[in-house]
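Chemist: Could you build all of it, start to finish, from the sequences and the hints given here?
For the sequence shown, the working numbering assigns the number 1 to the initial residue and increments by one for each residue that follows.
Just so you know, the hints here were simulated from the structure itself, not pulled from any lab data. All values derive from a computational prediction rather than experimental measurement. Be careful, since some hints might not be right.
As the list claims (entries may be wrong) - The calculated lysine-lysine pairs, modelled on DSS-like cross-linking and capped at a C-alpha distance of 30 Å, are: (1) 125 to 98; (2) 123 to 101; (3) 123 to 64.
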Amino acid sequence: MFVAALIVAAIAFARKKNRKFITITLCIAIVIFLLSTPYNLRQYNQHSEAYQAQINNGYHLNLKEKLGIYGTLLIITVGDIIPFPEASKQNFYLLFPKENKTRVFYDDDFLSAPDIQKMLNRKGKNEVAWNKWGERFNGNFRFAAAFDPCTLEITNEGDHKKATLVTYFHYRQNYTTHNANHYLYGLFAFRIDEGLFWYLQHEGWLHPYNSVWIARFDK
1 MFVAALIVAA IAFARKKNRK FITITLCIAI VIFLLSTPYN LRQYNQHSEA
51 YQAQINNGYH LNLKEKLGIY GTLLIITVGD IIPFPEASKQ NFYLLFPKEN
101 KTRVFYDDDF LSAPDIQKML NRKGKNEVAW NKWGERFNGN FRFAAAFDPC
151 TLEITNEGDH KKATLVTYFH YRQNYTTHNA NHYLYGLFAF RIDEGLFWYL
201 QHEGWLHPYN SVWIARFDK
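Modeler: The structure is reproduced here in structure tokens:
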């Protein structure tokens, strides 16, 4: 119904219907989306949990089920572009094999993470201890979602310093992240079973790699 409402609005726009009709149609589409999302998420959660149980019990998934999981990762990749751009980029490259299994990215945004900031004057290579759960949307959360766990190495390069962050980007066999808006009593709760994506890795559909992020900054 949500898609149908959007199609009606698009047709109305193409035929230059009055703005009031288009606005009402779009509002109806949004209401349908909001009302149906809790049900759709419950269905998704149940399917994810069932697939994870199958994998844990040694059963193989069929092609349709694999395609469903692959499609879920594509949705996550697109959905993360704005809130979690680093995670989105890493997920995108997970779709393609690379012979040397190493990808290098040049970006200095990760330097703004509080847990990275306090390490910029340390020498050598160190593990980053992410504090991402104390405050759900603290300054670390965006980067921890992409880089936990990782190492950070600071080196001198003339008038500048170079920060090299390295993480092995892959999905774990048995790890589930639960997300919920507690103010709405869990109506929009959803789970991410990494084991589903781990299964696609095991089947050769996804391709883990060493992810190297390089940034330069003033001394």
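Chemist: Run every hint past the structure and note whether it holds.
Modeler: Checked hints:
no.	hint	result
1	125 to 98	holds, 25 Å
2	123 to 101	holds, 27 Å
3	123 to 64	violated, 50 Å
Hint compliance for this structure: hint 3 alone is broken.
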